[in-house]
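Asker: Note that the numbering used here has the sequence shown beginning at 1293, numbered continuously upward.
Don't take each hint at face value.
Pairs of lysine-lysine residues, derived as DSS-like cross-links and limited to a Cα-Cα distance of at most 25 Å, are as follows [stated by the list, open to error]:
(1) Lys1400 with Lys1332
(2) Lys1475 with Lys1461
(3) Lys1675 with Lys1305
(4) Lys1475 with Lys1434
(5) Lys1332 with Lys1356
(6) Lys1562 with Lys1549
(7) Lys1332 with Lys1304
Since the hints were derived computationally from the structure, they do not count as laboratory data. Keep in mind it's a predicted model, so treat the numbers as computed, not measured.
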Amino acid sequence: MQKQSMEQKTGKKKIAFLVNSLGKGGAERVAVNLAEHFWKSGYDVLLVTSRRHPEEYEVTFPAKRRLLEEEIAGAPLGRAGKIPARVSGLQRIWKQERPDLVVALIGKMNLYAMLSARGLKIPVVLSVRSDPAREYPSRLQKLLAERLFRRAAGVVFQTEDAMNFFSEKVQRHSTVLPNALDKSFVRARYEGLRDEEIVMVGRLDANKNHQLLLRAFANIHEDYPAMRVVIYGGGLEGSDTEPMLRQLSESLDIKEKVLFRGRQTDIREKIERARIFVLASDYEGMPNALLEAMATGLAVISTDCPCGGPRSVIEDGKNGFLIPPGDEKALTVALRRILDNPDLEERLGREAAKLGEQLGPERVCGRWQEEIENRVREYADRKS
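When you get a sec, could you build the whole thing from the sequences and use the hints?
Answerer: Quick look at the structure:
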């Protein structure tokens, strides 16, 4: 006899969130925030991840957890066997858990969600969290994503540029939604004296291009002897990024002016007294660190990187500065403009802080829920 669905047994719908891990990254935090919101809205919540991460976001609400690595333990995971094993593992989880809806976030998880839900009559909503040209770089991956995305109940993008990567057939059931801020960032702007600091927040990897800030700062540090650069974030296990950046700062003769603080909690408290926040990335989706810095009320400088996330929240010269990716000269000029003009710095910070009013977690997660439920209803109508 076929198992009853969760809704039939408890009167609640069951929603499954699929993400690679709950490690401290942007997509992972979106998954946890959304899961908590849907739980508060009366859903039973299932969190499905490939693995456990040594430093995970805390889950403070009752949600069941399934690990794909446990489901496929012992399966052949060579290059040829990895995808079939993961798809089969997810199919078993869906059959056992019987969710009414699956929400997948980022890259390959979107593809695995669609492949594993085939024939199970489970609507799937996908979310692209970065530049799709990098999430699906090969011709085969792009073709597969295009075909699978057409069959999804809905697709959520962070920017118009990302949505335009796909065909009109995908865009018909797609939407652009922002990330919600962590509730710790939704509060009044700090108004006291500021520390002489330029801050960066984010994982230490090549894409974040910390080198760009170090080189630009080396161009100006003698004119602003009290200023220093403070970098928050850690690298992946085995990464040589931090040693490389330390070596670069030494070669630029700014070693004493650059501080590496590693992974930190309570980032709002750590950065709110700084003068400038810099996002130097070569590409991003919608960078949470930038949104948080703006909501905190800092003067921000960001690269205008693909796929358009910074451009969608920064009005150049009004609530921050946009510079071309990799442009050391432009970053140097922008740093000088802010440091030489306290009134401009104050105006940029006050305008940036208005973003916090728009991206409160209840407001944004409510928009996500409305969009997801609408897409699922439309999907059911199409299938009936």
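Asker: None of the hints should be skipped; say for each whether it holds.
Answerer: Cross-check of the supplied hints:
With a CA separation close to 28 Å, the supplied pair Lys1400 and Lys1332 exceeds the 25 Å bound. The suggested pairing of Lys1475 with Lys1461 is violated, with an alpha-carbon distance near 36 Å, which exceeds 25 Å. Proposed proximity of Lys1675 and Lys1305 is supported: the alpha carbons are some 19 Å apart, at most 25 Å. Pair hint Lys1475 plus Lys1434 does not hold up; C-alpha atoms about 36 Å apart against a cutoff of 25 Å.
A hinted pair counts as satisfied when its Cα atoms are at most 25 Å apart, and Lys1332 with Lys1356 qualifies at roughly 15 Å. The suggested pairing of Lys1562 with Lys1549 holds, with an alpha-carbon distance near 17 Å, which does not exceed 25 Å. Of the pairs offered as hints, the one joining Lys1332 and Lys1304 holds, with about 12 Å between alpha carbons and a cut-off of 25 Å not exceeded.
Of the hints listed earlier, those the structure fails to meet are numbers 1, 2, 4, in rising order.
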